[in-house]
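There are 2 protein chains.
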Amino acid sequence: MDWKLSSHPHHTLQAQIVALITERIEQGDWVAGTRLPAQRELAMRFGVNRSTVQAALDELKADGLLETRRGSGAYVSGSAWNALLARSQPNWQRHIRTSVHRPNLHTIRLINESEPDPSFIRLGTGELSPELLPAKQLEQSLHDLKLDPRALGYSEPLGSLRLRLAICNKLAAIGIHAQPDHVCIVSGALQALQLISVGLLEERSAVFHESASYLNSVHPFQSAGMRMLTFQPDSSDARERLARAGSGRQSLLYAVPTLNNPTGRSWTGKERGAVYDACSDLRIPIVEDDVYRDLLFAPGLPPIKASDSSGQVLYLGSLSKSLSPGLRIGWIVAPSPVIARLADVKMQTDYGSSAFSQEIAAHWLESGLYAHNAWQLRSELQARAVFAEQALHDRFGEFADWEKPEGGFYIWLRFRHPIADKSFFRRLLDRKVLINPGYIYAPGDLHHIRFSYAYASQAEMITGLDILRDEVMRSLSNPNR
Amino acid sequence: MDWKLSSHPHHTLQAQIVALITERIEQGDWVAGTRLPAQRELAMRFGVNRSTVQAALDELKADGLLETRRGSGAYVSGSAWNALLARSQPNWQRHIRTSVHRPNLHTIRLINESEPDPSFIRLGTGELSPELLPAKQLEQSLHDLKLDPRALGYSEPLGSLRLRLAICNKLAAIGIHAQPDHVCIVSGALQALQLISVGLLEERSAVFHESASYLNSVHPFQSAGMRMLTFQPDSSDARERLARAGSGRQSLLYAVPTLNNPTGRSWTGKERGAVYDACSDLRIPIVEDDVYRDLLFAPGLPPIKASDSSGQVLYLGSLSKSLSPGLRIGWIVAPSPVIARLADVKMQTDYGSSAFSQEIAAHWLESGLYAHNAWQLRSELQARAVFAEQALHDRFGEFADWEKPEGGFYIWLRFRHPIADKSFFRRLLDRKVLINPGYIYAPGDLHHIRFSYAYASQAEMITGLDILRDEVMRSLSNPNR
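Those protein sequences? They're chains L and U, same order as listed.
In this text, residue positions in the first sequence follow this note's numbering: the first is 351, and each later residue adds one.
In this text, residue positions in the second sequence follow this note's numbering: the first is 351, and each later residue adds one.
Just chain L, with the same shape it has in the complex:
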């Protein structure tokens, strides 16, 4: 057992002891009935005061992980949960453990754990800064909400008709002509991917995605046992690749053709056409994730869905990026039999999305509040992008390259040397700077980080980028590199 505690300023010694012991038990190393060393001995091994050990053990007892037997110290309790936690890994993870690189998962866990701590500077977060969220206007708009009692019951499977109509209107403006029964409301695009994975695909289906992909950082398809394969929209052999790997099997292609996460890149018209045609010929359905569209600084190409004559594109949108993640409102657009299937799965999962969120979303879309807010947001993000580019230029002009952002949150910063490894990430973490390294999105990629100008304030960006530069210099001067 590892008895070494770190001097991490945000995890108390007590919390670290609790975590270490919990880990032993959860992993089944210490089974029910195991007697723990005496408090004095534990204190010595951990190198802490006995009172700290005592407090940690009390916490573990309160959680039911330990139990005391009169006069003979602490034992791993036989509480039923211990056994469950130890023996079973969540089913959703069973396929991930073997298929996704460990440093990837571990890095994501460290990011998730550190994000709530306000003392971290978050240079990679794919989320609007609280100051960019229209809290006051949302609060104000609640005064105008009229609640129909029928809307407060259990939802229809497809979600609020009023909201679906508002979404159809919004989609018409970008060339997608949908009726309300082609739309299913979901609690954000991630839920949409879960429903597609569980409701439409067989295990071991092939899911194509770009080589730097958001799907490597969340795992809706991997966790259901799909095989992940990469493709490149700009590659002339895309068609051949899809045909070879996908033939004879169920398959699906996932793409973010507008403002890709993490690269920020948008596909050209030629790429859109080529991928659509290839998928059309090969009967491969396309999931077009278009959640960043409303953050384009200048009008972009229409979505692939707009010229989908065969109904093979399943289109995803969301208000999480362009209004508020807390609403948990997104949508799927597809042929009605597909929508019916997905809505059915959704009802079995959570009986529909919040009626209040749906009413608020409908009100914002209908009233023009949404469009006005998105317009303001774009201009604020654009100002942030300009600032960020200058700050990057001043510090990394000689070491890194990037493309000018056309919208959204991200700059896919490419260091000329492969320095963005796990130790680089950890050194920055120790200095309270949180980055999203490229290897989260493209396993093995040590050249990139996903820089986000949407979250940190200007002052934080400067401080954070100075520290980032420090660590870049240290990596570059390291003879072991």
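Because the hints were derived from the structure by calculation, they are not lab data.
Beta carbons are placed, not taken as given, at the ideal position from N, Cα and C, and that holds for glycine.
Any given hint could be a false lead.
[Claimed, not checked] Facing chain L, from chain U, some residues (calculated, C-beta under 7 Å): (1) L386; (2) D413; (3) Q487; (4) P499; (5) R500; (6) L502; (7) G503; (8) S537; (9) M578; (10) L579; (11) S674; (12) P687; (13) A690; (14) S704; (15) S707.
Using the hints, position chain U against chain L.
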């Protein structure tokens, strides 16, 4: 192929044709490339106008199910979705199909399809009537909501701390002493069951439930491949039964000890103690579903969780029954390692519940609005229960028995003869009266229906019960019975 259309007043002929053809394609009977009969022939077979056939085919084309080839009519299209829909059943259903009785599933589907139609009288619905939902007060309360911008971003894994604190306060009043890190916010109790199923259990684990059980009408455990076993809290062999069936395997016991769904019954103190002790000795975790507690007409026994010294009870609550289903707010209370695991699965599923719903829920709990509303609701439900009992007595006194309801929505009406079969259900359906037959909850039970006094108005109850009596008489006089 079945070419017969019904004269169902709520499904147009066009819709029926669309449904029949879709079914053929989805079931893989008509594969891609199948040529449909000419419109004239279809019109003849269906016995409808050609224009109706034309309209149905147009709808199917718009959905991508059919395609036209110049001059040679309509073909089943090779659209990728058809193939997916035909070949794959949703994974969540793979275990249900073999393990749950068909009439059960089919009846539930018919109920779900009919419920949105306002011309049906709903005598079984487990949901508050719109007139019992405090729409005006909810609308008014939105004016008092103060939105912290940080609350509008992505949620913490466990959900809003403010709401978790409010829930801890609420729980203290019924003897459950929890800290915020013992609580995870979920989108209703059904989602809680899904998370438990996916996050804590291995496939083929044993899940114990009562023989008439809500779990037979939804399938969170069945769909993940668990083995469902029954137990009776009042049976002296409960312990032996749990021990025999559960030994050597992972298992879990699910119970609604207060106002059970569908029976409305509450366990005695002795039953609570016996089941807890048996599970304690056998290390079987208990899921205590307590969503009806706030609808007890008189104070009841405390939850099992209140005397849980070993942390083996996982406790579920919700605002869906006692405030509004549209909020989609419920909670799980458990030891913190269990909560951490479930919260992790929840984040991977939908990134948390609606921030707006969470804020509204916290405001209602903190301000006393919730308690006041629940008090009013109880008195309205009690008045409905009295009315319903009189109406039942007048019509079914000689044919049926039931227990006086102690709260909640339900009367578990027992006919002395086994008449409540599928055909009984269908005859009532044809007469626009929707009942929840007992066999949904207890496979093979033809004696019971779950009568709900929470949804239909008094006038509807009278009309509906008169029709119900008619059909009961018809069943009783049927010599084939």
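- What are the numbers of the hints the structure violates, in ascending order? 1, 3, 9, 10 and 13
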